[in-house]
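Asker: Residue strings, one per chain:
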Amino acid sequence: MTEKEEQLSHILERHRGERNGLIPILLEIQREFGYLPKEAMPRVAESLGIKPVEVWGVATFFNQFRLTPLGRNHIKVCMGTACHLAGGRLVLEALERELNIKVGETSPDGHFSLERVACIGCCMLAPVAVIKDKIYPKMSSFKVEEALIPYRQESKAED
Amino acid sequence: MRFEEIKKRAESQWGVFSHNPHILVGTATCGKAAGALDVIEAFKNELSRRDIRVPIIQVGCIGLCYAEPLVIISKPDSLRIAYHNVTPDLASRLVEGYIVGDDPCLEIALGTFETDERGTPYIPELPRFEHELRLILGRCGYIDPENIHDYIANRGYSALARALGMSPEQIVEEIKRSGLRGRGGAGFYAGEKWDQCRRAPAKRKYVICNADEGDPGAFMDRVILESDPQEVIEGMIIAGYAIGAERGYIYVRAEYPLAIERIRNALRQAEEIGLLGEDILGSGFHFHIGITEGAGAFVSGEATALVAAMEGKRSEPRVRPPRLAEAGLWGCPTLLNNVKTFAYVPFIIGNGIDQFLSIGTEHSKGTAVFTLAGKIQYPGLTEVPMGTTLRKVVYDIAGGMRNQKKFKAVQIGGPSGGCIPETLLDLPIDFDSLHEAGSMMGSGGMIFMDEEDCAVDTARFFLDFTTKESCGKCTMCRMGTLQLLSILEDICTGKAKIEDMELLQELSQDVKMGSLCGLGRSAPNPVLTTMRYFGDEYRAHILEKRCPALVCKDLIAYYILREKCDRACEHCILVCPTEAIKGGKGEIKVINQEKCSKCGTCLEVCPPEYHAVVKISPISKLPPDPKGEEGPAQGGG
Chain A
1 MTEKEEQLSH ILERHRGERN GLIPILLEIQ REFGYLPKEA MPRVAESLGI
51 KPVEVWGVAT FFNQFRLTPL GRNHIKVCMG TACHLAGGRL VLEALERELN
101 IKVGETSPDG HFSLERVACI GCCMLAPVAV IKDKIYPKMS SFKVEEALIP
151 YRQESKAED
Chain B
160 MRFEEIKKRA ESQWGVFSHN PHILVGTATC GKAAGALDVI EAFKNELSRR
210 DIRVPIIQVG CIGLCYAEPL VIISKPDSLR IAYHNVTPDL ASRLVEGYIV
260 GDDPCLEIAL GTFETDERGT PYIPELPRFE HELRLILGRC GYIDPENIHD
310 YIANRGYSAL ARALGMSPEQ IVEEIKRSGL RGRGGAGFYA GEKWDQCRRA
360 PAKRKYVICN ADEGDPGAFM DRVILESDPQ EVIEGMIIAG YAIGAERGYI
410 YVRAEYPLAI ERIRNALRQA EEIGLLGEDI LGSGFHFHIG ITEGAGAFVS
460 GEATALVAAM EGKRSEPRVR PPRLAEAGLW GCPTLLNNVK TFAYVPFIIG
510 NGIDQFLSIG TEHSKGTAVF TLAGKIQYPG LTEVPMGTTL RKVVYDIAGG
560 MRNQKKFKAV QIGGPSGGCI PETLLDLPID FDSLHEAGSM MGSGGMIFMD
610 EEDCAVDTAR FFLDFTTKES CGKCTMCRMG TLQLLSILED ICTGKAKIED
660 MELLQELSQD VKMGSLCGLG RSAPNPVLTT MRYFGDEYRA HILEKRCPAL
710 VCKDLIAYYI LREKCDRACE HCILVCPTEA IKGGKGEIKV INQEKCSKCG
760 TCLEVCPPEY HAVVKISPIS KLPPDPKGEE GPAQGGG
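Protein sequences, first through last, are from chains A and B. Counting along the first sequence from 1, when you hit position 137 you're at 137 in this note's numbering, and nothing is skipped either side. Counting along the second sequence from 1, when you hit position 549 you're at 708 in this note's numbering, and nothing is skipped either side.
Since the hints were made in silico from the structure, they are not lab data. All values reported here derive from a predicted model rather than from experimental measurement. Worth double-checking, as some hints may not be accurate.
Estimated spans, in silico, between C-beta atoms of each pair [said to hold, decoys possible]:
hint	chain 1	residue 1	chain 2	residue 2	range
1	B	R423	A	S107	31 to 41 Å
2	A	E105	B	D262	53 to 63 Å
3	B	R423	A	R16	43 to 53 Å
4	A	R152	B	E170	53 to 63 Å
5	A	Y35	B	P736	54 to 64 Å
6	A	K156	B	E610	54 to 64 Å
7	B	K723	A	E146	22 to 32 Å
8	A	E18	B	R427	20 to 30 Å
9	B	D236	A	S107	51 to 61 Å
10	A	E18	B	G631	25 to 35 Å
11	A	Y35	B	E738	46 to 56 Å
12	B	T274	A	K156	54 to 64 Å
13	A	E146	B	E753	25 to 35 Å
14	B	I657	A	K102	48 to 58 Å
Here are some of the chain B residues that sit facing chain A, going by a computed Cβ distance under 10 Å [as the list claims (entries may be wrong)]:
hint	residue
15	Y301
16	E305
17	E372
18	R381
19	V382
20	L531
21	P538
22	G559
23	D616
24	D623
25	V764
Built from N, CA and C at the ideal position, the CB exists for glycine as well.
Pulled out of the complex, with its shape left as it was, chain A reads as follows:
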């Protein structure tokens, strides 16, 4: 058994038979793997005694769940009301342009992924982008390139 499979078995074992534990289980799997691997779904269903479709139904319902892996540098652009009014869309478009990916995608080299989120709750800093876990306040299309520099350098070093 690979290490990943073992981790999955571990999570499932802890929650065996808890039908209402479906969401916490999926959250845990995602925390462990960074996304919900396709192969995990039938195993979750089996361990809870439910149909795989129910697992898929929940996995595709909630915004938190992702079915594809994220880039090493995951970027979230806040699209809450305050950020929208302050030009959040221009920031998102600038990021799409700079990274050459669309929102919801991961770059082919796996370095960056881009996501829009509804509100991260620091409206006084609008518009806000989050790269990895660092919050970038009062963003603008002009500041995007500069904000990406350290992450690009890091990625280059890794390659």
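Mind docking chain B on chain A? Use the hints.
Answerer: The following block gives chain B in isolation, referenced to the frame of chain A:
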């Protein structure tokens, strides 16, 4: 242990703490985002360098988000001072000046908590605090949210101690008589719900706290949970006792990791000293609280949808009846209230109902908590008596609009609420008056808009949100919101016909009628209110292809004013991502409209002394190209 002993111990700890120098740093999410952790690090280094021991306590948010990172320094027999927008390099100055020396550094202070003859602003007299009345935010930012003794020493858990001496019926009666209405949005009378749950004949009942704050632009529940989690827990325990439940859950968004961490810690501490768990305070009453993490769905804020999510299902609302009070979580009677609703309970039960009844309007008692965001001077969090006018909130509490811009509208209640225009600024805020104006209290998020915000685009923004968040169960919500959005997009891009306004109106009514839950029933509110109050703007978009606020991308063009462009400056050329700007050294710069992607970067970087880049709408008003090389770009106009 008896409560009196617990209280005594907490008070003596608090006494020692408050009579010694200490530093409070706001580290709710807003403070952290503004850099509070670096500030703490700087203070720690500075103190250890000088070998001084002064406790640094991480507190929640006092509501002045614009002033973060906010630091309060307290010294015995001296002023308690709040410093705003503190940066790490100010740490050494403050330590040197006020911790070691006697210079309170008033020139960089926001204000003092005691009056001071040197004329420093007295914080309780700042306009914001003068109009505020803090029943549930009172401790936020002043106590350590990770230390239950701080809460107990500041009147915490006295209400529970009192409640355990009352009968459940008496408690429900008090909540009923207090007129407390649910703070989650719809404003249902909390006492009614409590009474139904109490009467429901069942062995097992549940209490659920709804902390699934999904409204973009509202974060009051997060702030309360991060700043004063025990207040909510105490409210839930009292509720459990009153309805006869032994188990409670806090359903909180996974997007709020700090809140989750602080609740978890708070629950553990409450259990440790016997305020939660088995045989609470020797009363024979047992109550346990667990945390359920939500996985992010706006519709989960709806009570039946939330229960479905807790049962591990897709979060879809169901038909009521049966109400949750009859058949909720796992079919058992369930009391579900919002974070703020539970937070009011200790105040009401602890102080008796008269004080609560004396605040607010006839049908909306107590206070209202709002987050203030958008184009105002002082974004943050506020708590005001129900019935306070919007004008007071905008101009006194929020400090008016930023950059001397004109107030245009305020969106209250997020995607479910409506846009309130200037003519209604004297509206007293309460559940019913907002409803009459076509809006609703909703979650309590207020977003202020100025003349540079487009009413149509705002409606489009909210519909985009509800379309994405509709669970899809009801056809009118699933397809109706999509159609509304598509019409609004046509308006924003200049493709709409004037008849579309009528269609919007009609369709909005249909979506309201044909949807089961609050999401669909209120989704058209932003459309209806913006059409009602800003109809001219809709007509300008449709008839003239003009966006008066210069927001809608397809109806505007960027243009460089010839007379203002500094020939020597090349800022715009350097940043333009599509190389749309022409003009060599010493020439006036010109935007090629064909190539322009309207990203706005040139406008952003054009130095303020030239201010040469402007937006023009409709596009047909663009002046012709001077050299006539490219011809006037009229794309889309």
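Asker: Broken hints, numbered, in rising order?
Answerer: Violated: hints 3, 5, 6, 11, 14, 15, 16 and 22.
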